[in-house]
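Visitor: Read off the chains here:
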Amino acid sequence: MAKKLVSFTLNGRAHDGAAADNTLLLDYLREGLGLTGTKTACDGGECGACTVLVNGEPRLSCLTLVGQVAGKDVETIESQAKGGKLSPVQEGFHLKLGAQCGGCTPGYIMAAEGLLRGNQSPTVGEIRSAMGANICRCTGYVKIIDAVQHAAAVMRGEEPADYPDVPAAQG
Amino acid sequence: MDALPEFQVLHPTTVDEVVAARKEHPHSRMIGGGTDLLVNIRRGIEAPPVLIDTGDLQELKTVEATADSITVGASVRLTELAQHADVQAHYPVIAEAAESIAGPTHRNMGTVGGNICLDTRCIFYNQSEWWRTTNDDCLKTTGSMCHVAPKSDGVCFATFSGDLAPGFLLFDGEIDLIGPDGRRTVALQDFYTGYARQDGSTGDGKNYMAIQPGEMVLRVRGKNTPGLLTAYDKVRIRRSIEYPVAGCAVALKRDGDTLSDLRVAFTGTNPRPVRLDGTEALTGGPLTEETFTALDDLCKDQLMSMKTTFTPGHYRRRVATQMAKRLVQRLFDEGA
Ligand SMILES: Cc1cc2nc3c(=O)[nH]c(=O)nc-3n(C[C@H](O)[C@H](O)[C@H](O)COP(=O)(O)OP(=O)(O)OC[C@H]3O[C@@H](n4cnc5c(N)ncnc54)[C@H](O)[C@@H]3O)c2cc1C
Ligand code: SF4
Chain R
1 MAKKLVSFTL NGRAHDGAAA DNTLLLDYLR EGLGLTGTKT ACDGGECGAC
51 TVLVNGEPRL SCLTLVGQVA GKDVETIESQ AKGGKLSPVQ EGFHLKLGAQ
101 CGGCTPGYIM AAEGLLRGNQ SPTVGEIRSA MGANICRCTG YVKIIDAVQH
151 AAAVMRGEEP ADYPDVPAAQ G
Chain B
172 MDALPEFQVL HPTTVDEVVA ARKEHPHSRM IGGGTDLLVN IRRGIEAPPV
222 LIDTGDLQEL KTVEATADSI TVGASVRLTE LAQHADVQAH YPVIAEAAES
272 IAGPTHRNMG TVGGNICLDT RCIFYNQSEW WRTTNDDCLK TTGSMCHVAP
322 KSDGVCFATF SGDLAPGFLL FDGEIDLIGP DGRRTVALQD FYTGYARQDG
372 STGDGKNYMA IQPGEMVLRV RGKNTPGLLT AYDKVRIRRS IEYPVAGCAV
422 ALKRDGDTLS DLRVAFTGTN PRPVRLDGTE ALTGGPLTEE TFTALDDLCK
472 DQLMSMKTTF TPGHYRRRVA TQMAKRLVQR LFDEGA
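Same order as they appear, the protein sequences are chains R and B.
Each residue of the first sequence is one higher than the one before, starting from 1 at the first, in the numbering used here.
Each residue of the second sequence is one higher than the one before, starting from 172 at the first, in the numbering used here.
Honestly, the hints are just simulated from the structure, not real lab data.
Keep in mind the model is a prediction, meaning the values are calculated, not measured.
Heads up, a few of these hints could be off.
Distance condition first, Cα-Cα at most 16 Å in a straight line; then the derived EDC-like pairs of lysine to aspartate or glutamate [to be verified]:
no., chain 1, residue 1, chain 2, residue 2
1, R, K143, R, E158
2, B, K394, B, D227
3, R, K72, B, D227
4, B, K471, B, D448
5, R, K4, B, E177
6, B, K322, B, D257
7, B, K394, B, E177
8, R, K3, B, D343
9, B, K232, B, D370
Make a model of the complete structure from these sequences and hints.
Guide: As structure tokens, then:
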């Protein structure tokens with residue numbers, strides 16, 4: 001299929017490329033640009049592994065066509081670590097064991113990043129809701145919530161603490 | 172990189188351009204957030220040659236909610252609707268329904284237009300291409316038989332599962348459409364045609380909307396009644412992200428100890444969202460056991476859940492009825 005030019009901001013830099021209209025953002029990032037940090041899993045918008053930020057908001061790159069992000073600001077997991085240093089969210093997932101097999105982790109990190117930019121003191125409930133579109137089959141979620149709390153503390157400039165046990169979800 | 176069939180995508184910036192593009196490409200489909208349509212395209216259910224991106228039309232991105240009425244543009248995202256202070260204040264049922272849809276990431280993408288026009292769902296339909304082919308495609312796609320009701324003779328029972336419609340139905344919602352012949356307004360009640368009557372005299376799970384070729388939804392509106400208390404409830408298998416097992420919207424008014432107005436609507440039960448008929452007969456007196464028995468009877472009569480999901484139809488009907496009763500009791504207590 002004929003390709004068209006597409007321009008958007010990718011991880012802070014202007015990006016001009018070419019893609020056919022039926023190209024998903026996910027495939028464009030992974031196969032077109034080699035940015036394989038963003039993961040493919042369920043292929044149907046159910047698991048959140050492909051989450052990226054579009055204009056700062058978490059979105060599913062598996063249900064987004066490249067043309068839909070023209071002129072917008074796209075951020076992927078590759079934008080997180082800078083100068084050889086993990087981002088606060090990555091550090092949280094690393095230190096608090098928020099990742100096991102790691103397949104869902106890039107999606108979680110981007111969803112957490114989206115949350116923490118607007119709210120650096122989220123409650124456990126707010127963290128749960130913000131991670132609601134992501135599925136993890138290893139950790140049991142508690143460690144993920146710890147990881148986001150750790151990242152929030154780092155972003156607030158506080159010394160991260162040990163967090164008390166996360167209460168069980170209601171209902 | 173050829174996961175999807177070939178199609179062209181147009182990105183018009185005004186409604187007039189959409190209408191013109193629809194005229195030029197009669198087999199085109201509109202795409203708002205794509206959270207329903209792109210899944211279906213990926214599963215080989217549909218293969219439209221042209222997609223028209225209606226997700227960023229500035230004209231259709233406004234929400235107006237006052238004590239008297241609510242108007243929401245088709246391109247408004249669900250996150251915005253859920254968090255809109257005026258919607259939360261005057262139409263809690265709509266804000267709560269929006270907040271209950273899918274997960275947060277989907278709500279950042281999904282539009283109101285896409286939700287109102289959401290395709291109906293069924294376990295024999297929302298499957299991959301190989302699954303459907305292996306299991307003998309049903310009549311909602313290319314087959315000739317309904318696997319849910321093999322004796323149905325051409326009628327499909329796929330379930331309407333959009334969460335916004337019930338709330339708007341409570342407020343006698345209307346829908347503004349535009350198409351090749353200009354604008355028109357349809358009562359939401361008449362917009363959804365999935366009565367699935369066996370004689371084929373109405374729409375069904377396959378033809379569930381009274382939308383004409385080339386038309387698009389511009390806005391959905393509702394009229395308030397002073398003193399109405401409203402709320403939404405929904406049961407789903409996974410609480411964080413899932414289509415409804417059943418969803419229920421209730422509006423009522425309490426004057427002293429009298430239930431003076433009662434409106435109930437459902438999604439996830441029939442091939443159309445159902446505004447329960449006959450609830451007026453339950454008003455004019457106090458809320459008693461008899462009121463609930465009568466409500467039960469109305470639900471039994473009008474909810475037609477079939478085995479289109481992993482949960483059996485009779486279970487979904489009971490869940491829906493129970494939610495309605497709980498909401499009625501809760502709102503009545505709140506109105507004291
Ligand atoms: C995992 C998952 C869970 C979900 N859970 C729920 C849920 O619990 N409740 C729920 O209601 N939905 C759910 N959804 C579906 C969806 O996210 C929402 O319903 C959303 O609002 C759909 O809007 P959209 O803009 O993404 O639709 P699209 O996919 O863009 O469009 C849907 C349909 O509407 C048509 N359309 C779009 N805009 C217009 C218009 N202006 N005029 C006429 N036709 C139009 C399209 O052509 C298409 O047929 C879920 C989706 C996923 C992937
Ligand atoms: S109700 Fe019957 S015809 Fe409709 S989608 Fe399900 S199996 Fe197919």
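Visitor: Against the structure, test the hints numbered earlier, and report the numbers of the ones violated in rising order.
Guide: Hint check: 1, 2, 6, 7, 8, 9 fail, others pass.
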